[in-house]
Amino acid sequence: MLHIVNKSPYERNSLESCLRMASKGSAVLLIEDGVYGATKGGSFEGKIQAAMADVKVYVLGPDLSARGMADRVLDGVSVVDYGGFVDLVAEHSNCQSWL
Amino acid sequence: MKIGVLVNEGPYTHEASDSAYNFTKAALEKGHEIYRVFFYHDGVNNSTRLTEPPRDDRNIVNRWSELSKQYSLDLVVCIAAAQRRGIMDENEAKRQGKDANNLAEGFRISGLGQLVEAGIQSDRLVTFGD
Amino acid sequence: MNDEMDMEEEGGVVKQFMFVNRKAPYGTIYALEGLEVVLISAAFEQDVSMAFIDDGVYELKKGQDTKSLGQKNFSPTYRALEGYDIEKLYVERESMEARGLTEEDLLVDVVVLDRAEMAAKMDEQDVLISF
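Chains as they are written, first to last, in the numbering used here: chain A, 1 to 99; chain B, 1 to 130; chain C, 1 to 131.
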């Protein structure tokens, strides 16, 4: 399953709820303000690092670049473009947007 | 693969419509079929042709219309949500006794059943919103 | 009717649809318009369920009274879902407890799932629509 999160973890609980209910082996794609969840140095870093033991984390490059955060991506997080977003949707049997 | 797209937010305030557009365009360019883009909640505001952004900004409504023309994309606006928010096609404006209509080219107004049907017919349904 | 025509065209495809509710009522329109889709989906004879997670649990709180607000109280609709054969209402336990609520506070019978059970339910869906 693909989980899509578009909210900053510093503003809303969407990413936390998503990680609470994402099964082992699922994928999490961070888009829009959600990309801040995949960056280094913030207080959410530990939580996302811990989650990465069970889920694969992706982040949308265009949203990272727009926010000046492209050089701060956590190790182990994969950066994708919109085509990669489409591939992730196609590769997983279903998807849930944590709006 | 057949993909359905649901857009739940209007243009400009949220990035949702931009994300949905960029996703839809990328999917089409990769050769996937977009079964339908359904506009719900404030997402219906993506379909007013009266939109006139500043010259240096993207025209979100026209962008959808053009994509629809290029790929024969089915852009469906929920009728109940549209009526709440003052989005009307010519027939609906006549039926409701309104003095104007504002639905942009390439969009059509229909029932919520079209969303459920998109879920049934598509291999994937992707939601964009706030 | 458009919807009836669509239904015939499906040729008996039954998918698992889950409507995921994570927003409180009245503060935004998502809960109300979400419910409208759920009601329409009943006409398509799909395997429909609703999940209540995070503030979505507040949609089911007993005793909603909107008279002074000037908005329609749509909470009785959740009790009417049974008549549409929509009987799978799942509430995530952590979300409910974090908000100081118990099943007795909810206006309709639900199935309370822990996070792992909710995750498993989500995984098995064909279509997830979230508001």
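Just so you know, these hints were derived from the structure itself, not from any lab.
What you are looking at is a predicted structure, and each value in this text was computed from that prediction instead of being measured.
Heads up, a few of these hints could be off.
What the hints assert, rightly or not - Cut-off 20 Å, straight-line C-alpha distance, at most; resulting in silico cross-link-like pairs (EDC-like, lysine to aspartate or glutamate):
id : chain 1 : residue 1 : chain 2 : residue 2
1  : B       : K30       : A       : D81
2  : C       : K121      : A       : D54
3  : C       : K61       : C       : E104
4  : A       : K24       : C       : D123
5  : A       : K47       : C       : E104
6  : B       : K25       : A       : D81
Taking the hints in turn, this is what the structure says about them:
1. B:K30 - A:D81: Holds. K30 (chain B) to D81 (chain A) sits at ~13 Å (cutoff 20 Å).
2. C:K121 - A:D54: holds (18 Å)
3. C:K61 - C:E104: At roughly 9 Å apart (the allowed maximum being 20 Å), E104 (chain C) and K61 (chain C) satisfy the hint.
4. A:K24 - C:D123: Holds, because 11 Å separates the two Cα atoms, which is no more than 20 Å.
5. A:K47 - C:E104: Since the Cα atoms of K47 (chain A) and E104 (chain C) sit roughly 33 Å apart, the hinted pair is violated (cutoff 20 Å).
6. B:K25 - A:D81: holds (12 Å)
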